[in-house]
Amino acid sequence: MTGDGLDAAFTIRLSDHFRLDIDLAIPPGRTVALLGPNGAGKSTAVATIAGLLAIGSGRISLGGEILDAPELDVFVPAALRRVGVVFQDYLLFPHLTVLDNVAFGLRTRRIPRGEASALAHELISRFGLEGMEGAKPSELSGGQSQRVALARALAAEPRMLLLDEPLSALDVTTRARMRHTLADHLRDFSGPRLLISHDPTDALLLADEIHILEDGVITQTGTADDILLRPRTQYAADLAGSNLLEGMAHGGAVDVGTAMVHIADRQIEGPVLISIRAAAISLHLDRPEGSQRNSWSTTIWRVEQMGSRVRIRTGPPLPLTVEVTEGSRGELGLEPGRAVWIAFKATEIGVQPG
Amino acid sequence: MRRRPSSSWLLLAAVVFAGGCTGGGSSAGTSTATGTIVVSAAASLRDAFEGIAAEYEAANPGVRVVLNLGASSALREQILEGAPVDVFASANMANMDPLVDEGMIEGAPVIFASNAMVIAVPNGNPGGVTGLPDFARDDLLVGLCQPEVPCGSLARDVLSSSGVVPLVDTEEPNVRALLTKVEAGELDAAITYLTDIASAGGAVEGIAIPDVQNATSLYPIATLARTSLHAEASGFVAFVLSDAGQAILARHGFTPP
Amino acid sequence: MIALGVVGLSVFVIPLVGLVGRVPWSDLPEILTTDLVIDAFRLSMIASVSATAISCVLGIPLAFVLARVEFPGRGVVRAIVLLPLVLPPVVGGAALLFALGRRGVVGEPLNSLTGLVLPFSTWGVIVAATFVAMPFLVITVEGALRTMDRRFERAAATLGASRWTVLRRITLPAIVPSVVAGMVLTWARAFGEFGATVTFAGNLQGRTQTLPLAVFVALESDRDAAIAVSLLMVVVSLIVLIALSDRWWGRVS
Numbered sequence: 318m319t320g321d322g323l324d325a326a327f328t329i330r331l332s333d334h335f336r337l338d339i340d341l342a343i344p345p346g347r348t349v350a351l352l353g354p355n356g357a358g359k360s361t362a363v364a365t366i367a368g369l370l371a372i373g374s375g376r377i378s379l380g381g382e383i384l385d386a387p388e389l390d391v392f393v394p395a396a397l398r399r400v401g402v403v404f405q406d407y408l409l410f411p412h413l414t415v416l417d418n419v420a421f422g423l424r425t426r427r428i429p430r431g432e433a434s435a436l437a438h439e440l441i442s443r444f445g446l447e448g449m450e451g452a453k454p455s456e457l458s459g460g461q462s463q464r465v466a467l468a469r470a471l472a473a474e475p476r477m478l479l480l481d482e483p484l485s486a487l488d489v490t491t492r493a494r495m496r497h498t499l500a501d502h503l504r505d506f507s508g509p510r511l512l513i514s515h516d517p518t519d520a521l522l523l524a525d526e527i528h529i530l531e532d533g534v535i536t537q538t539g540t541a542d543d544i545l546l547r548p549r550t551q552y553a554a555d556l557a558g559s560n561l562l563e564g565m566a567h568g569g570a571v572d573v574g575t576a577m578v579h580i581a582d583r584q585i586e587g588p589v590l591i592s593i594r595a596a597a598i599s600l601h602l603d604r605p606e607g608s609q610r611n612s613w614s615t616t617i618w619r620v621e622q623m624g625s626r627v628r629i630r631t632g633p634p635l636p637l638t639v640e641v642t643e644g645s646r647g648e649l650g651l652e653p654g655r656a657v658w659i660a661f662k663a664t665e666i667g668v669q670p671g
Numbered sequence: 026m027r028r029r030p031s032s033s034w035l036l037l038a039a040v041v042f043a044g045g046c047t048g049g050g051s052s053a054g055t056s057t058a059t060g061t062i063v064v065s066a067a068a069s070l071r072d073a074f075e076g077i078a079a080e081y082e083a084a085n086p087g088v089r090v091v092l093n094l095g096a097s098s099a100l101r102e103q104i105l106e107g108a109p110v111d112v113f114a115s116a117n118m119a120n121m122d123p124l125v126d127e128g129m130i131e132g133a134p135v136i137f138a139s140n141a142m143v144i145a146v147p148n149g150n151p152g153g154v155t156g157l158p159d160f161a162r163d164d165l166l167v168g169l170c171q172p173e174v175p176c177g178s179l180a181r182d183v184l185s186s187s188g189v190v191p192l193v194d195t196e197e198p199n200v201r202a203l204l205t206k207v208e209a210g211e212l213d214a215a216i217t218y219l220t221d222i223a224s225a226g227g228a229v230e231g232i233a234i235p236d237v238q239n240a241t242s243l244y245p246i247a248t249l250a251r252t253s254l255h256a257e258a259s260g261f262v263a264f265v266l267s268d269a270g271q272a273i274l275a276r277h278g279f280t281p282p
Numbered sequence: 013m014i015a016l017g018v019v020g021l022s023v024f025v026i027p028l029v030g031l032v033g034r035v036p037w038s039d040l041p042e043i044l045t046t047d048l049v050i051d052a053f054r055l056s057m058i059a060s061v062s063a064t065a066i067s068c069v070l071g072i073p074l075a076f077v078l079a080r081v082e083f084p085g086r087g088v089v090r091a092i093v094l095l096p097l098v099l100p101p102v103v104g105g106a107a108l109l110f111a112l113g114r115r116g117v118v119g120e121p122l123n124s125l126t127g128l129v130l131p132f133s134t135w136g137v138i139v140a141a142t143f144v145a146m147p148f149l150v151i152t153v154e155g156a157l158r159t160m161d162r163r164f165e166r167a168a169a170t171l172g173a174s175r176w177t178v179l180r181r182i183t184l185p186a187i188v189p190s191v192v193a194g195m196v197l198t199w200a201r202a203f204g205e206f207g208a209t210v211t212f213a214g215n216l217q218g219r220t221q222t223l224p225l226a227v228f229v230a231l232e233s234d235r236d237a238a239i240a241v242s243l244l245m246v247v248v249s250l251i252v253l254i255a256l257s258d259r260w261w262g263r264v265s
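Protein chains in written order, with the numbering used here: chain A, 318 to 671; chain B, 26 to 282; chain C, 13 to 265.
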């Protein structure tokens with residue numbers, strides 16, 4: 318379908334217990350994120366698309382050229398694929414200078430030293446790294462390393478970009494800053510771009526389309542909004558900071574087993590998935606006044622600090638994840654074991670057929 | 026009140042003293058002594074002395090003989106450095122003299138055997154060696170013992186008295202190493218002791234050297250003054266000099282002194 | 013800890029002190045300039061340096077095969093390569109003699125074809141030294157290849173590097189410290205080799221008598237010369253080891 322883009326539909330079996338099933342297509346100029354927890358198979362996906370690992374069955378093609386098709390006995394090794402990879406730890410060659418690192422992909426294509434050097438200089442300026450040409454990777458900061466890694470990948474004039482956890486090695490503040498830099502550079506690249514990450518913010522902010530990978534299987538695809546508002550798995554729901562429940566809908570109420578949740582949609586019937594954002598649930602010390610259709614008394618099970626937000630897990634009759642501010646936690650004295658009332662509006666509940 | 030030692034104590038004491046006592050002079054080869062003696066002997070004496078040691082041990086059940094074989098010069102150095110040796114049998118007087126000078130010898134050394142030199146060649150004589158002049162041939166691989174050991178210095182005496190200037194390819198540290206290479210065919214000729222041909226048991230052939238050019242080695246033997254086992258040590262020396270010992274030596278190619 | 017360390021150090025220092033204490037200082041220049049010593053020094057340097065060079069040329073590819081190529085019996089092959097480390101050198105020399113001597117399994121055909129005779133020649137000294145010393149290089153380089161981070165090689169592949177380019181620009185530079193360390197060990201072992209040399213190559217001044225052989229020979233007749241030459245060997249070895257110690261020890265560890 319995408320003559321110029323990446324077409325990857327394949328399976329690979331790594332062991333008795335692990336199998337990776339991928340089916341994605343990326344047109345040129347689009348960024349797709351492969352998002353999933355550790356162990357989901359993300360690094361295997363990187364290795365297979367980069368050409369460092371052969372698939373078991375299926376096909377990978379890029380720009381119309383078949384890169385890997387076991388049934389056709391075709392396998393193009395990494396060195397010939399022109400897939401530019403930015404690795405998680407950057408993997409800048411420690412014994413080469415920044416200039417030689419960036420020029421590496423040019424020299425491997427027999428471009429003479431002088432010309433390669435000039436092109437590398439250009440890229441180095443474009444990435445704001447003038448003056449660092451002679452430095453060794455060990456002398457660079459995290460942000461600088463990331464830019465050199467990207468410059469090195471781009472210098473080789475790849476047909477697509479594959480970024481493996483490009484920001485996870487950075488500290489929080491640098492990461493936020495680099496996310497914007499990365500977004501700019503990705504936009505400038507005209508080919509397909511595949512971003513692998515476990516951090517939802519990266520995916521949500523950098524990608525046009527997100528594929529969620531769990532246990533070797535893609536469990537949901539869609540835009541950021543699709544995922545956030547209509548998560549289909551617990552992982553996706555957790556990403557969105559949501560609670561995800563399965564139940565039977567009838568006449569505006571969903572039976573989730575241990576409780577009845579009132580929803581706004583009175584028409585929908587049958588098995589459904591409902592999601593309630595953690596921030597949309599409120600906690601009270603006494604039975605709350607107000608228009609919330611859903612409220613009950615429960616106890617606090619677990620309290621977890623997450624930056625300036627606090628995640629609280631409440632207990633029976635229906636365990637839910639609730640997000641409150643630091644202030645509220647202090648004010649209400651929210652500690653494990655405390656009896657509280659929770660409440661949330663029917664209109665805050667996302668419903669999709671299960 | 027002091028108790029008189031009981032008779033059983035006296036008996037035990039007597040046995041202990043008797044055991045520790047060095048036995049008196051003995052006829053050749055037998056004594057009532059026990060212990061282990063270390064005999065340093067020139068490498069060329071290996072086979073002969075192994076036989077002699079075995080017979081000596083058989084005749085003297087309490088005695089064990091440990092043979093320390095090597096180049097006489099190396100053995101001499103060991104003794105000078107204080108090695109705990111009881112008997113020294115050297116391949117020449119040159120290596121015995123320094124010990125005599127240092128007063129390390131009990132009594133005087135006695136010559137117990139003599140050994141002449143011979144040309145040793147591999148079986149089948151692949152180099153076609155006929156005599157000493159062949160040692161000057163360029164196309165042959167020939168070896169001698171290194172000049173610092175008796176075998177080497179004697180070989181050089183033999184060659185110079187016959188007027189041959191040899192083209193030597195190796196100077197082995199001892200006779201055994203030299204013989205091994207001749208046996209293996211890696212050397213075409215070497216000059217060794219006459220006894221070595223016998224001890225090689227058919228693995229090498231010998232070509233005689235004319236008596237007038239030949240050199241003879243006189244082998245002295247002596248007990249070390251430092252030995253703590255005088256009876257055993259001198260008993261061993263006596264056995265070497267006895268008819269039995271001499272017969273064993275003759276069997277291995279030595280000639281009487 | 014420190015006390016034990018000092019005791020450990022004394023194991024090495026005390027024999028050195030013993031040697032230095034007996035050096036005939038006044039005769040030293042005279043002894044060290046004799047033909048015997050000069051010849052032995054020249055042969056030792058030729059043999060040890062050649063053995064190191066040959067070990068690199070043959071040993072590095074061998075290390076690659078052992079580290080990177082999976083084949084049945086690889087463990088056995090590795091054990092055979094390391095055998096000279098365990099065998100008494102004289103046994104090694106005897107094995108070389110029976111294999112490469114004039115009547116040897118390989119030596120005999122070699123001799124009839126080319127007229128080449130290895131025993132009692134300087135080449136024989138080099139062969140003996142290489143035999144005992146090469147395992148050091150192989151084991152050091154193989155260890156480096158096994159423990160190096162292979163991800164850099166993969167990154168290079170994604171940048172279009174062929175297998176030869178990866179080897180040349182990524183792998184070999186990564187193992188250079190270990191190769192240097194291996195070369196130092198190899199040189200040191202070859203320099204000090206005695207048993208295999210005397211058994212295989214024999215002993216002749218100017219042709220096969222290396223410094224260790226000269227010491228051995230001198231011990232029997234000229235004690236002072238033996239000590240002087242021993243001192244020479246110690247000094248040369250210390251110079252090489254110290255000159256390279258920071259370079260290779262720092263980088264390997």
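Incorrect hints may appear among the rest.
Label pairs and their computed distance ranges (CB to CB) [said to hold, decoys possible]:
no. : chain 1 : residue 1 : chain 2 : residue 2 : range
1   : C       : 80        : B       : 189       : 14 to 20 angstroms
2   : A       : 458       : C       : 159       : 26 to 32 angstroms
3   : C       : 124       : A       : 392       : 48 to 54 angstroms
4   : B       : 107       : C       : 248       : 38 to 44 angstroms
5   : B       : 107       : C       : 25        : 51 to 57 angstroms
6   : C       : 218       : B       : 84        : 49 to 55 angstroms
7   : C       : 31        : B       : 250       : 27 to 33 angstroms
8   : A       : 435       : C       : 247       : 50 to 56 angstroms
Here are the computed lysine to any residue pairs in the SDA-like style, where the Cα-Cα straight-line distance is at most 20 angstroms [to be verified]:
no. : chain 1 : residue 1 : chain 2 : residue 2
9   : A       : 453       : C       : 32
10  : A       : 453       : C       : 76
11  : A       : 662       : A       : 640
12  : A       : 662       : A       : 623
Please keep in mind that the hints were generated in silico from the structure rather than gathered at the bench. Quick caveat, the model's predicted, so the values are computed rather than measured. A virtual CB, placed ideally from N, CA and C, is assigned to each residue, including glycine.
- Has the hinted range 49 to 55 angstroms been met by the Cβ atoms of residue 218 (chain C) and residue 84 (chain B)? 51 angstroms Cβ-Cβ, so the 49 to 55 angstroms window holds.
- Take the C-beta atom of residue 107 (chain B) and the C-beta atom of residue 248 (chain C), compute their distance, and say whether it sits inside 38 to 44 angstroms. violated, 31 angstroms
- Task: Please work out if residue 662 (chain A) and residue 640 (chain A) have their alpha carbons no farther apart than 20 angstroms.
- Result: holds, 15 angstroms
- Query: Okay, residue 80 (chain C) versus residue 189 (chain B) on CB: inside 14 to 20 angstroms?
  - Reply: violated, 59 angstroms
- Measuring from beta carbon to beta carbon, are residue 458 (chain A) and residue 159 (chain C) in 26 to 32 angstroms? Check passed, 28 angstroms falls within 26 to 32 angstroms.
- That 51 to 57 angstroms hint for residue 107 (chain B) and residue 25 (chain C) (C-beta), does it hold up? violated, 23 angstroms
- Message: Checking one constraint from the list: CA of residue 453 (chain A) to CA of residue 32 (chain C), max 20 angstroms. Satisfied?
- Response: Distance ~47 angstroms between residue 453 (chain A) and residue 32 (chain C) Cα, so the pair is violated.
- residue 31 (chain C) paired with residue 250 (chain B), Cβ distance criterion 27 to 33 angstroms: holds, 30 angstroms
- In this structure, is the beta-carbon distance linking residue 435 (chain A) and residue 247 (chain C) contained in 50 to 56 angstroms? holds, 53 angstroms
- Does residue 453 (chain A) pair with residue 76 (chain C) here, judged by a C-alpha cut-off of 20 angstroms? Status violated; Cα separation ~28 angstroms.
- For the pair supplied as a hint, residue 662 (chain A) and residue 623 (chain A), confirm whether the alpha-carbon distance does not exceed 20 angstroms. violated, 24 angstroms
- Query: Is the distance from the Cβ of residue 124 (chain C) to the Cβ of residue 392 (chain A) consistent with 48 to 54 angstroms?
  - Reply: holds, 50 angstroms
In the structure shown, a violation is registered for the earlier hints numbered 1, 4, 5, 9, 10 and 12, in ascending order.
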